[in-house]
Amino acid sequence: MMIIINFTILALIGLTIWFFFIKKEPTAKKVQDKVTIIVEGGYTPSVIEVPVGKAITLAFHRKDASSCLEEVMIPDFQIRQFLPLHQTTEITITPKKLGEYQFHCGMSMFFGKIKVT
Amino acid sequence: MKKVSFPITGMHCASCAVTTQRRLQKTPGVISATVNYANEHASVEYDEKQADVSKIYAAVDSLGYKAHPDSTDGNDIITIERSREMKELKKKLIVSAVLNSILLFGAMVPFAPALLKNSWLMWALATPIQFWVGGQYYRSAFSGLKNRSANMDTLVALGTSVTYFFSIFSLIFASTFAQVGIEAHVYFEVSSTIMTLILLGKFLEIRAKGQTSEAMKKLLGLQAKTAHVLRAGKELDLPVEQLVKGDRLIVKPGEKVPIDGQIVDGETAIDESMVTGESLPVEKKKGDLVIGATINQSGAFEMIAMKVGSETFLAQIIELVKHAQGSRAPIQKLTDRIAGVFVPTVIIISLITFLLWFNVGPPPQFLHALISMISVLIIACPCALGLATPTSIMVGIGKGAEHGILVKDAEALERASKVNIIIFDKTGTLTEGKPSVRGFEVADNIDQLLQSIGIKKSLAKTASAYIEGVVFSLETKSHHPLARAIVTYLTDKKAPIYKVEKLIDIGGKGIQAQIEGHTILIGTQNFMEQKKTVPSKNLSTLSQSWKDQAWSISFVAIDQYQVGVIGISDSVKTTAAATIVALKKMQVTPVMMTGDNRQTAEAIAHQVGIIEVLAEVLPQDKEKKVSTLKKQGKVVAMVGDGINDAPALAAADVGMAMGNGTDIAIESAGITLLRSDITLVPQALKLSKSTMRNIRQNLAWAFGYNLILVPVAMGVLYPIFHIQLSPMLASAAMALSSVSVVSNALRLKSIKLSEGR
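These protein sequence lines map, in sequence, to chains A and B.
Reading the first sequence from the start, the letters are residues 37 to 153 in my numbering.
Reading the second sequence from the start, the letters are residues 467 to 1223 in my numbering.
What the hints contain is simulated information worked out from the structure, not anything from laboratory work.
Computed from a prediction, not measured in an experiment: that's the story for all the values here.
Positions of the beta carbon are idealized from the N, C-alpha and C atoms, including for glycine.
One or more of the hints may lead you astray.
Stated by the list, open to error - Under 10 Å between C-beta atoms, here's a sample of chain B residues computed to sit facing chain A:
| # | residue |
| --- | --- |
| 1 | Leu670 |
| 2 | Glu671 |
| 3 | Ala790 |
| 4 | Ile797 |
| 5 | Arg950 |
| 6 | Thr954 |
To be verified - Listed below are the simulated DSS-like cross-link pairs for lysine-lysine, each with C-alpha atoms no more than 30 Å apart in a straight line:
| # | chain 1 | residue 1 | chain 2 | residue 2 |
| --- | --- | --- | --- | --- |
| 7 | A | Lys60 | B | Lys612 |
| 8 | B | Lys612 | A | Lys65 |
| 9 | A | Lys99 | B | Lys469 |
| 10 | A | Lys65 | B | Lys1100 |
| 11 | B | Lys1051 | B | Lys884 |
| 12 | B | Lys788 | A | Lys99 |
| 13 | B | Lys751 | B | Lys722 |
| 14 | B | Lys1100 | B | Lys1051 |
| 15 | A | Lys133 | B | Lys799 |
| 16 | B | Lys799 | A | Lys151 |
| 17 | A | Lys151 | B | Lys469 |
Pulled out of the complex, with its shape left as it was, chain B reads as follows (with noise of 0.2 Å):
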């Protein structure tokens, strides 16, 4: 039994969304649906056995209404709602604005007429702000008292009904007052001044607050609409949630790819920039795979659609990704702690100021003390403290997403901000990791050897067409990336194929196994010394000259004599010089780590610029070697195709996985690069570094605020200046603070990741 739930536009009474869900109830499979008019949304449960969600949706569409895909729905209703809380914050805050202006001409300006200085009418001005403006907040801190717990709101209710119910005891009690010894003053002016300014703040807070999602907003706006499917012979163009696994679709120029799969017909190229960041269009034909979202842009296609609904390539990364936005970061903690005792603390701290002006102040002790503890009450901003961290973390990891460099939590990317070395998995993130032959070259005395060793050649004409066989068959059953390569290249001489037995995969050294009864050895020179074959000179001085270029070398060895050797070489990228120089910079080591024999290993290094290198390393102990690096007390990243090495970047402080397109594991790793471009390392490294310094002007901003002008607001400058803080500097400082916080986390948008651009 599976549950769907979807928006249905369209309805408008409350009969629509009876019928449809009557009709809804009628199809078949279909075990409960209801149908809630108020939220426009239908909630379904089926049996998948007789009914699928296409035919769920096409129930609604039959009906005239139309049913929407539950994925974006999560999004829109937090714009919606922002827009419409803006919408009431901007109709309080003109009003408050008016009303405002009037009281403070009247109270400040000594000219303005009598009428406005009249304080029976300042406090008919000022009781519209504070209980109707001022509503949300009475009500936001009362819900808060009924569980012992408060919050900004509960600051600014109390700091405001101090000042308002004072004014008013001051207008009608003013002959008690002075009997008793308290100075009377009305101060509606400063409660109204107070109320408008921190609505401004929080008007301008919610709007900035819409741009820390965007990203996100542009990740669920890339999905496809709909799609032209072919049904039956027919082209039905249906929107993208009712296509299944095995439709043939076709995508024509211009087009967004609507779903992940694959080309069965045609080519073309496409810009898949907006998914993984890559600019160059990629030529892609029959056989390839294609990626939802991204767009189609020479010539049309026939596909079938593999992935549909979450397991798309988008679906992973839009999940990944706000997973990543509601991660928590270490540097969180102390916050955390400070956030959940901050408001009550405040309270104590205005209640203490009050004490010491009343006792200890210059008269007019009351009004003094009064107007301190007000200030106290405004100018503490929680909020700037509780959205110090995680507003910058949204921002930066959105960011991330836009490069095609998704950071799967909060954590991972704090600790890439602290790598201080960074291993390199040599093949596909230093060369392309399309290793291929360049040469291939047999024993001088080959004819000879042969004939003592007591080979036959069957099949094969010549001793090297033989050796070519014999190599082929063997590495045709090898997983090594070697193996496809060599693969590759004898597939195209035809190499005969011969029956073999006994075949062991020595991991990293080579390969045995037997043919006709032979010993057939295939490996490094290591494995070939182990195992005391007879060398051949010419292939040693060959191999060593290959060597010096850099190429790896397989020797052939048949009954314990070496007849052969091949030189393989992957193909350095050309942006991995300037990669490393780049790393170098920003004070990382780098350190290149490959299976490949030292002098080869070393060659390679010295092309990229790298000085350490970690040569013959087993696949099994990359791991090992991760953790030696971490014990000397290193922060160790690892760059890794994150499928074969996977051990590797899990034991990393952060494991970087890189791959192409959709072939990549999401999730594997701390940092997942979602196209095979090496540039994309230090640019990561450099997003981490600039979200945690982000974070830090932040929290330094928010602390630093709230340690510095809560003992001003309290009265630590009187002494010495005589300054005491008005509660409406107060809050004008209260209301920027929090807008402050948001706007610097909002800079992170425009940081320049790549160099150059």
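If we strip away everything but chain A, and leave its shape as in the complex, we get (with noise of 0.2 Å):
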């Protein structure tokens, strides 16, 4: 019994860490001029894609009740968004400088990415 137990433990182990750590960035998602962001356990799609000197309209709809969630901020373009429940709100950006920009939630546990090209 102790060695199946000690087995599923680390098992668990290495299953936190693959599940948690060893993922791939997914592929970014193109976006011309306005995309909708589904917020519910982290931001789907997480990582945008936007042209250079464009504005772009991030449209955050909030399906996730926790209060981690509730904000959304975008520090490289000084914004933070309290975002209501079930509902959507439109933040626009026109990125000026090619780069990777972050953006997350209140408290900085769930991110997302924007890459200017």
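Please assemble the complex out of the two chains, which come individually in their own frames, going by the hints.
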């Protein structure tokens, strides 16, 4: 019995590492002017690719009641936006420089990325 | 084409929404309109050439419903949502508190009735807490797992589930457990206590969080709602959103000034404290500018609306504060990185904890291992880490806004806390910035001089009048701040005007021009020496004594001969000296920078107590001086009016723009001081230092909490002290930790920025 339990726990450790740490960044969704991002246990899509110098509307639709996700922040654009539950909140940004910009929840636990190309 | 979206109230059925939508679509100029009954919102696209917002609002109002401005509803939604969430939590909290006390009574009290000690009843009591009260944790954990990410709710769901389900198995399969050598035990009171306490923590946290955005709510609440408008000779009461530029408004005593504009009739005193923090009422008369949302105290007046909607001063302040509160402080970088991997790491640590207890722990190994694992899952608190910095920033920046200190972003706030040198651009910061002519003298032998140069003195009766006229004619064309003082002085003396030719403005030194074929020079002593003019003895003596009194000196020369001297002084602000003392107490070195010559500059510096003086700095060199100090490794703040010294403000680590009400360009500097009050400078530094200290306390608390208590939960104290942390205590600690972070940030609201108050 001892052995079975030990192996189970070790397997769970392995599973946790694989599940949370060994994951590929999802392929970026190419966006031209507007994208709806579902806020539910994270952001879907979480990686978006946008052209430089164009106004992009990010429409965050929050489905998750967890207060962790009640705010979205895009620090490089100085945005902290409260997202009312079951509603779509639109944020428009115009990235002027190439690069990658993170967005995340108010407590920095869920992340997404805006790639400006 | 333009788009507008606004809430509508008064609609009581879906058909009302349809009617409103149809009415909007029929309004001339409207391209498309949708009205959503569910969220009581309308979105309208219109051609701004054919329609304007006031027509759109009027269309809604004509049906008996009410169109509302867009700007404030964002924050109302937060308030509504928060109170809805609080209500829901309160209901759950009451239910779980009642059930939980019965459970605890049965489990902990030896003389409790046998019925309450019955495991099956305990199961029945714990189940609604686990799934109805704890449902939100399960839902949140599950949606996170779908994205292969985890949050605090994942830990709560995991920890309580392990406790709850193990108890069920113990209850049903007690004999099987015994056969395979696992001790059976029922922990229903543990799982439900964890749920209840964490829920309580969440409740307190949300309540405290509501207070962090109070400053913003106050700002939004400042806006005036209606205005008395004169249209076609009639006085109408209209919502402020419907005002347009050029509207003539009436403001009565005791009312709020509805919008930014200019007084066209009447005079009054206005209380501007809510916007600029200025505590004394400001006298205003015809031609003066007034700020929307300030309070008209004494007289009625008429004004012309000059700025509406998002252009108003208040709207700009709100926008800036909103942005600043959303910015990220550099100090946050580390926590951001940690918060992202925190939860999975804790799960792994909890599993390792289980392995250690199970293999090397004292009997009953399985139960010890299980309890310690649960404690680790429950005690770890990522929220405290995540909340530490942003909450303090929100409160700190809000606090500043209430005192007339606008901070552009968290980075500026962080840098300001490290400032060790502060440069004052003298005019307008240390001095009133309203220079006036104190002396205007001509050479003793002026008649003789003019004759020898060959001047005809046309238009003027005396030699003095001629020189006054010459100076007046040149200075009216100059943009130098001192020129304005000279022009004001000579306008009163009714000096004659001559035709000016070939005018050259030599920045920071003087001006040169020709009048009736003679070369006129007006400028500093340096300028006069450079141009090799011939000095006059009495003028030199006079200028020397004026300089000792910290006056600025301008010489006048005609065809190489110095013929006159003008002494100008700008009075030092009464609060300047005390401010310098306050700065020195904060270990900040004050430096004065000015275009004045060294002697004048030092005289002023001496009056206010500044030792380091950068004198005779040309406007274009201000930026270089700032950079030089920065290169010496100093963290430099620069205080100026934000208009003339914009490059120097930008070059400094922290630029502080100081101005009076609407004439200041918000966003031109890292920190904007909304009134021309030098005491705001040490206050801004104090605000930044206090905020950064608060953040460091929060971070120390959040890191320390996790770094100390997670190992305690793992059982590091067991080998020596035989203490094993109970999961119930773990949940109490966790419930308190994020509340403490938010409460500590709220302490910032009560710090005193100004001394002696």
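For each hint, the structure was consulted:
{"no.": "1", "hint": "Leu670", "result": "violated, 13 Å"}
{"no.": "2", "hint": "Glu671", "result": "holds, 8 Å"}
{"no.": "3", "hint": "Ala790", "result": "holds, 7 Å"}
{"no.": "4", "hint": "Ile797", "result": "violated, 13 Å"}
{"no.": "5", "hint": "Arg950", "result": "violated, 38 Å"}
{"no.": "6", "hint": "Thr954", "result": "violated, 43 Å"}
{"no.": "7", "hint": "Lys60(A) / Lys612(B)", "result": "holds, 14 Å"}
{"no.": "8", "hint": "Lys612(B) / Lys65(A)", "result": "holds, 18 Å"}
{"no.": "9", "hint": "Lys99(A) / Lys469(B)", "result": "holds, 26 Å"}
{"no.": "10", "hint": "Lys65(A) / Lys1100(B)", "result": "violated, 45 Å"}
{"no.": "11", "hint": "Lys1051(B) / Lys884(B)", "result": "holds, 15 Å"}
{"no.": "12", "hint": "Lys788(B) / Lys99(A)", "result": "holds, 24 Å"}
{"no.": "13", "hint": "Lys751(B) / Lys722(B)", "result": "holds, 17 Å"}
{"no.": "14", "hint": "Lys1100(B) / Lys1051(B)", "result": "holds, 18 Å"}
{"no.": "15", "hint": "Lys133(A) / Lys799(B)", "result": "holds, 21 Å"}
{"no.": "16", "hint": "Lys799(B) / Lys151(A)", "result": "holds, 20 Å"}
{"no.": "17", "hint": "Lys151(A) / Lys469(B)", "result": "holds, 28 Å"}
Hint compliance for this structure: hints 1, 4, 5, 6 and 10 are not met, and every other hint is.
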